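Which chain is which? The protein sequence lines are A and B, in order. Quick note: the first sequence, position 94, residue 94 per my numbering, numbers continuous. Quick note: the second sequence, position 530, residue 530 per my numbering, numbers continuous.
Incorrect hints may appear among the rest.
Unchecked claim - If you want a taste of the chain A side facing chain B, the calculated C-beta under 8 angstroms gives, among others:
1. THR116
2. ARG119
3. ALA219
In case anyone wonders, no lab produced these hints; they're calculated from the structure. Quick caveat: nothing in here was measured; it's all calculated off a predicted structure. Glycine is no exception: its CB is placed at the ideal position from the N, C-alpha and C atoms.
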Amino acid sequence: MLSGKPMEKQEFKTPETNGVSPAPKAKKPKKAKSVPDPLAEVENLSLFYGAKQALRDINMNIPRKQVTAFIGPSGCGKSTLLRCFNRLNDLIDDCRTEGDISINGKSIFDSDVDITDLRKRVGMVFQKSNPFPKSIYENVAYGARIAGIKKKSVLDDIVEKNLKRAALWEEVNDRLNDSAMSLSGGQQQRLCIARAIAVEPDVLLMDEPCSALDPIATAKIEDLVTELKSKFTIVIVTHNMQQAARVSDYTAFMYIGDIVEFDTTEKIFLNPAKKHTEDYVSGKFG
Amino acid sequence: MPKLWKAGDAYIWISGLALMITLVMIGGLLFLIAAKGLGSMWPADIGRYTLRDSSVYLGQFRAKESVRDSDGVRSSESRIKLKIGNRDLYGLDFKWINEADIASRDYPRDAVILERHEWGNYHGYLKEIRKNGVVIPGGDTEAFSVLRDLIRDSNEIHAKILKIEKGEIGDINYGIEKRRLKLRGLAMRGEGDPVKEAEHRLKIKEYEERYKESEAKLEALYSELNRNEAVMISAGGDEKVIPLGKIVLAFRPNDMGFLEKAGFYVKRFWGFVSDDPREANTEGGIFPAIFGTVLMVFIMSIVVMPFGVIAALYLREYARQGVMVRIVRICVNNLAGVPSIVFGVFGVGFFLYGVGGIIDSVFFKEALPSPTFGTGGILWASLTLALLTVPVVIVATEEGLAAVPRNIREGSLALGATKFETTWKVVIPSALPAILTGLILAVARATGEVAPLMITGVVKLAPDLPIDGHFPFLHLERKFMHLGFHIYDLGFQSPNAEAAKPMVFMTAFLLILIVVVLNITAIIIRNRLRKKYATSAV
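Model the full structure from these sequences, guided by the hints.
Have a look at this one:
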């Protein structure tokens, strides 16, 4: 199952992620926790890498224009779940999903769904910043060009607007034609955010966006997340519980492919319903 | 000692030594070729050697070695090799003389070397010049400068003659041939179209008229060319009358200063690079061979790049990785190891006889039985080399594609790009440096290849360049000259091997130079791209 998740640090993988699990089995909520105005609904979602099950019968609702954080120990399936929302797991051979995810009431697994169209509506920012080996300008304009926009003035506007949204404009407006590789790590990650939101998606998935960054760059990204939630629904995977507490409105604690608890962030961190969650957020294990 | 061995120092020394040996070998090779080739063009002083038997030779010193007896043992005596020229007089350009036989040697300032259109160089003294029937006595510097002026005039006439022969008469021949083929085509199709036929015949008549005019012009030029003569005396006192039209250039090396010699050297080197060959390739320049080599490599690159890159793209990006793909990959790698002559044989069988034969029977019926594309030509040679080098490009491109990080592809796909868009806009640009590395390797291999070319289109002497002023300007069916084959031809097929030796080295030097220049160009482009498409700066 490692092959499916190149982003995860492999040394943290333990046998407990196998199908036969010795871990305490949390009681599954039969109904997903209801949230006001859900954008995406996950119903009985299971995912298998070959014979190994990575997600177990997940039910949850992602609230619109809020930040939802997935926390949990390495290998618990956070990233895998995240990558279901834009069907990036489709790229992996032997990967099979059961159940359903619907966004705005429409199933993303329907046969009439155009996968490129889906990915335009569900943007993603990766753990390791991955700017294209092109200029800063071309990176941000990439999605627009894919969508067929050719007019220079329109592209200029898109680039400026989204670099500003990503709080990068001030730093790069005088060198838009430089290679994106000339930026620092934090700038590259913000460029990737600008690139993702330039497509104007409904949802922005963030897969541990700060794990490779220093605290200052991390703080900038976190501020950005808080700002962006007025426009986008954000789902963020993080290792860092403080980060989840700082930026998210809702938090899901996952363990071995299961959602142990999903509630408002306040509740999860201050008054969790489950002992297991409390142990995790208070640092007793993880 | 065992500790030393363990620490690995010994390995470092051994690898350093191996590297040094390699570098020395490469350096030595280049030095040998450069020295032997470049040195031969220097206008060395010409000595007058008087032997004890009172025979006299005028010659340039070329080499010295100790004499060996019949058992191969060196004796204390030594002998020298002189380039004595005057092949028409002595039968050979070079002569070995035992130093013991030399009574005296000196360097007369008025000794003249003439480079001729035939019979190689002439070494001697200028006795007199016959200009328009007037005799100008030679010997002094003034007479020599008159001679040089006259030679310059005659060279201009030569250029005019060449222009008429290649230009005007070339056009006429081209036109006549075209009309003749059209007539033949009409007859073959059985279309008795008297109007068209008459038109073609009329045109041919016109061309023939024009040919007569050109011929008259040529005759006038030729007689002008041979009107003036130089009377020369050889070292041995034989007199020879040489029409100035037969002389390429005259110089007196003993009378030249260093700077003058250097200028002369540069001019000569340029002539070597830019002129056509003379005298069965042993004299003159090698321009057609340079041109042919570069054009062939160019055509090959244009063909091999798309094929190699597309094949690699399919293998790496689209084909389902499995046993089949692995077998194909092994086959491709093995293809790179097939002897090049085998590719040549395939080229003859498939391109010349197969494809060329079909093209001829469809488009060039009128010209049959003489083949147009059904014989060796630059297109077939280039395609054969493209086949030869396509594995190199595939392997290099595949490696480049494999090195493009997965998260960059995912980044593109996550933005809603299709796989094709991702490949085209992100993956290929990132792999471009590797693709260019493949091209560099392919070019280096193709430039040096001779064997498959010999049977697919290279000739000793091509009458026309593959590019000229006649529509369609690029004549892919033409045979061409190639530096690698030129070396082989000069070195092993030449009637005058000794005289051709410096040419062999010069040609080899230029071939290496061209490979280097082509590679450096590609490397510069690659480094630019690398900077532009660097995939990891952090």
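Failing hints, ascending? Failing hint: just 3.
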